[in-house]
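Protein chains in written order, with the working numbering: chain A, 1 to 209; chain B, 210 to 447.
Some hints could be false.
[What the hints assert, rightly or not] If the Cβ cut is set under 10 Å, some of the chain B residues that face chain A in the computed set are:
| hint | residue |
| --- | --- |
| 1 | Val224 |
| 2 | Arg263 |
| 3 | Glu277 |
| 4 | Ala369 |
| 5 | Ile372 |
| 6 | Asp373 |
| 7 | Leu385 |
| 8 | Asn386 |
Note that these hints are calculated values from the structure, not bench results. Since we're looking at a predicted model, the values are computed, not measured. C-beta: ideal position from N, C-alpha, C; glycine also.
Given next are the chains, with one letter for each unit.
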Amino acid sequence: MASTLPNSMTLRALPGQNGETRYFVSGEVQVEAGAGIGAGVLLRANPGCRIQIGRGVCIGMGSVLHACGGSLIVEAGATLGMGVLVIGQGTIGKNACIGSETTLLNCSVLSQAVIPPGSLLGDPTYGFDLHIQAEPSPATGEMAPATRPEPVPPSSPVANVEKQTQEKSGSAKTKTRKLNGIPGHSELDRLLGKIYPYRQVLSSGDGRL
Amino acid sequence: MSTSLGLIQTRSFPVIVRIADAMTKSAGVTLIGFEKISGGYCTAIVRGGIADVRIAIEEGIELARQFEQEEISSLVIPRPLPNLEVVLPISSKLSQLAQNRGYSRLSNLAVGLLETRGFPAMVGAADTMLKTADVQLAAYETIGDGLCTAIIRGTVANVAIAIDAGMYEAERIGELNAVAVIPRPLDELEQALPVASCFVAQPVTLPVTLPQVQEQEVQRRDAAVERIPVYLEPPETP
Chain A
1 MASTLPNSMT
11 LRALPGQNGE
21 TRYFVSGEVQ
31 VEAGAGIGAG
41 VLLRANPGCR
51 IQIGRGVCIG
61 MGSVLHACGG
71 SLIVEAGATL
81 GMGVLVIGQG
91 TIGKNACIGS
101 ETTLLNCSVL
111 SQAVIPPGSL
121 LGDPTYGFDL
131 HIQAEPSPAT
141 GEMAPATRPE
151 PVPPSSPVAN
161 VEKQTQEKSG
171 SAKTKTRKLN
181 GIPGHSELDR
191 LLGKIYPYRQ
201 VLSSGDGRL
Chain B
210 MSTSLGLIQT
220 RSFPVIVRIA
230 DAMTKSAGVT
240 LIGFEKISGG
250 YCTAIVRGGI
260 ADVRIAIEEG
270 IELARQFEQE
280 EISSLVIPRP
290 LPNLEVVLPI
300 SSKLSQLAQN
310 RGYSRLSNLA
320 VGLLETRGFP
330 AMVGAADTML
340 KTADVQLAAY
350 ETIGDGLCTA
360 IIRGTVANVA
370 IAIDAGMYEA
380 ERIGELNAVA
390 VIPRPLDELE
400 QALPVASCFV
410 AQPVTLPVTL
420 PQVQEQEVQR
430 RDAAVERIPV
440 YLEPPETP
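Chain B on its own, in the form it takes in the complex (with noise of 0.2 Å):
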């Protein structure tokens, strides 16, 4: 696997998810995952071939810079080496094998992300975006730094409407930090994005009733072994 690295880094969640959205949508780049160091400091890793990665990268720094993030780092690595690889968490297999994951009930929907410092603000932000449209909330995810983010599911125009109350609920109750909305999130950030236990649907349990079936077919083919010698023997020895 010698595909192209690329790194960016902010310090808020939903920064770096609206991000991580832009990139997978400005290039073909596969998003990895978000690495997230204490410190509020959050990554998003891509991999692609080099020209996808470049492009992506420069586009997640463009955006990185409206939302008028002072520290930006970035980093274009165009062939890592394999013990990179299997020592840091940039390759697309080992976070897929370590997630192992059902299937999340609240796909195909609009992302919102509200971050706050500090826990209250989250929470009263939380109960006002349930309380004002048709959301769910899927997950939370604290950074450290104080910051923690909601992350929301719903259709994009309840979402919107959702993020807009909490917005106003956070900030009278403690500090906002950043606001997102996701209208229409890829598979890989989604898969990237976290969600409570609650809302993942676990595979249906096949195995647990094919032991009973294998016994009576068993049982069946014994029975028929035993008849069959006694009904054919006689029109074979004339």
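If we strip away everything but chain A, and leave its shape as in the complex, we get (with noise of 0.2 Å):
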């Protein structure tokens, strides 16, 4: 929650002003029906890694979600504002509200959770400055329901959501990294990826990440 950018500064740079109303998707995508996309929506995963966008997810016009490092997740009913920007991995949970603007980097948002406008969470560069906001939680928590009707303080989503990939991940992550520091694994990858070009797309990624 670094920033809040004035909204008419970005309004303008939204793409599918006129009539447009295609979204674009490259890599493994998987979009459940019932999901409304908005237009000009870029939807990337790179090789190896999958977006799952879930039943009745809204996702606004004009964002961004480019996966790496693993799969990035948006749960059913999840909401995404306009010009929403997500890289890297996590999960984005049920009927959770992103405002527009808001750049999520590599971070995982819990469910219900409501994430302001303009925000940026998971930075790593701006991950002092976080943790110096996020600890006087009481101080903010004081300020802000007056302007945020949701029970959960502001600063929380942030807090809660690095403990949430943390535990998340722990057991899966410890396994992978183990897997991958096996000698001779990446030479076998690289050769599986040599006999077969396309088997990385082809698998489901289910517990390979």
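Each of the two chains sits in its own frame; use the hints to bring them together as a complex.
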């Protein structure tokens, strides 16, 4: 939650003002039925990664979702505002609401969480500032309820997000790291890549991230 | 025999086999075999000209570092004395005579190695590998420290897929230690790898039928000798 940009400045840059209704998909992207995706949205999954858009998800126009280093999952009913930028891996929980012009870098969002517009989450370069902001949460929590009706203090999503990502990927990540560190594993991966060039796209990627 | 000697040691069987493969392909060295002392220590032994051995050992060390092996130890002896060769298993003739085995039916196939810490994980992984792709489990090898290696053979695509599947199964059951795939092993590497007796075809035992043939010939010759004087005498006397 580092910066809030004036909306008028960013609205002008959005595409889709001239009747354009398409969105763009690249890589392994699964969009479940009932998801509403705005014009000019870019969904891009790097090789070996995937994007999963759940049922009833709403993504505002001009948003960019770019999965790299793992899977990016938007769970059912989540709403992403206009021009949201999501990069890296993570999970956006059920019915979460991400305000417009928000940037999420390699972080997860709890279900039912509300992220105010123009937030910046998970940026390692802003980590120190975030940490300072997050620690005296009672102080910011007192200020916040007046402007934001949700019961969750505004700084807690960030803290919870970090905790959640650590907990969720804790077991899976240690296992992945274990497998990646095995002597000969990377060599085998390269060999398989040569034998089966489209293997990564074909496999669902479950448990192999 | 005044060839140089090269040794390199790591703590994993697939890694040392992979290193031996790279060494035999990098320079004109002969792989003598693997010396497996317990505790997971495996040593590959190569012989050849001093230049070839130096190249091969350097190549081996580089590869071992790539595999993040902490404990690498290596040695190059330009001219080992004959006494050393007689006592230690570093001479090629001795090891070949000691093995003295038949022709393996699994030659000219890619090799896959999967090493686990603990026996159940290896058995589970071997079962999965056999069920995943068209591969044969050639043998298994234990090197101490709880490390055991399943060795599979098959075409390279089958071996790669089998190892990939076996890897996850081994990790699920126990602890995976190392994997390696060698698409096209050289003959001497194949000879150095263990093969279960069921895959070794013994040479055809010809000498068993030979004595009978000889006996028949002897009988025929005796019969001919008896007849010859009877028919040949009359024409010679007039």
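Taking the hints in turn, this is what the structure says about them:
Taking 10 Å as the C-beta contact cut-off toward chain A, the hint placing Val224 of chain B at the interface holds, the least distance being around 5 Å. The beta carbon of Arg263 of chain B is not positioned within 10 Å of any beta carbon in chain A (closest approach about 24 Å), and the interface hint is therefore violated. Annotation: interface hint on Glu277 of chain B holds; nearest CB of chain A at approximately 6 Å, less than 10 Å. Interface restraint check for Ala369 of chain B: the shortest CB-CB distance to chain A comes to about 5 Å, inside 10 Å, so the restraint holds.
Taking 10 Å as the C-beta contact cut-off toward chain A, the hint placing Ile372 of chain B at the interface holds, the least distance being around 6 Å. Satisfaction of the interface hint for Asp373 of chain B is found here, the shortest Cβ-Cβ separation to chain A being roughly 6 Å, below the 10 Å cut-off. Look at Leu385 of chain B: its Cβ gets to within about 6 Å of chain A, closer than 10 Å, so that hint holds up. Checking Asn386 of chain B against chain A: minimum C-beta separation of about 7 Å stays under 10 Å; hint holds.
Against the hints set out earlier in the document, a violation occurs for number 2 only.
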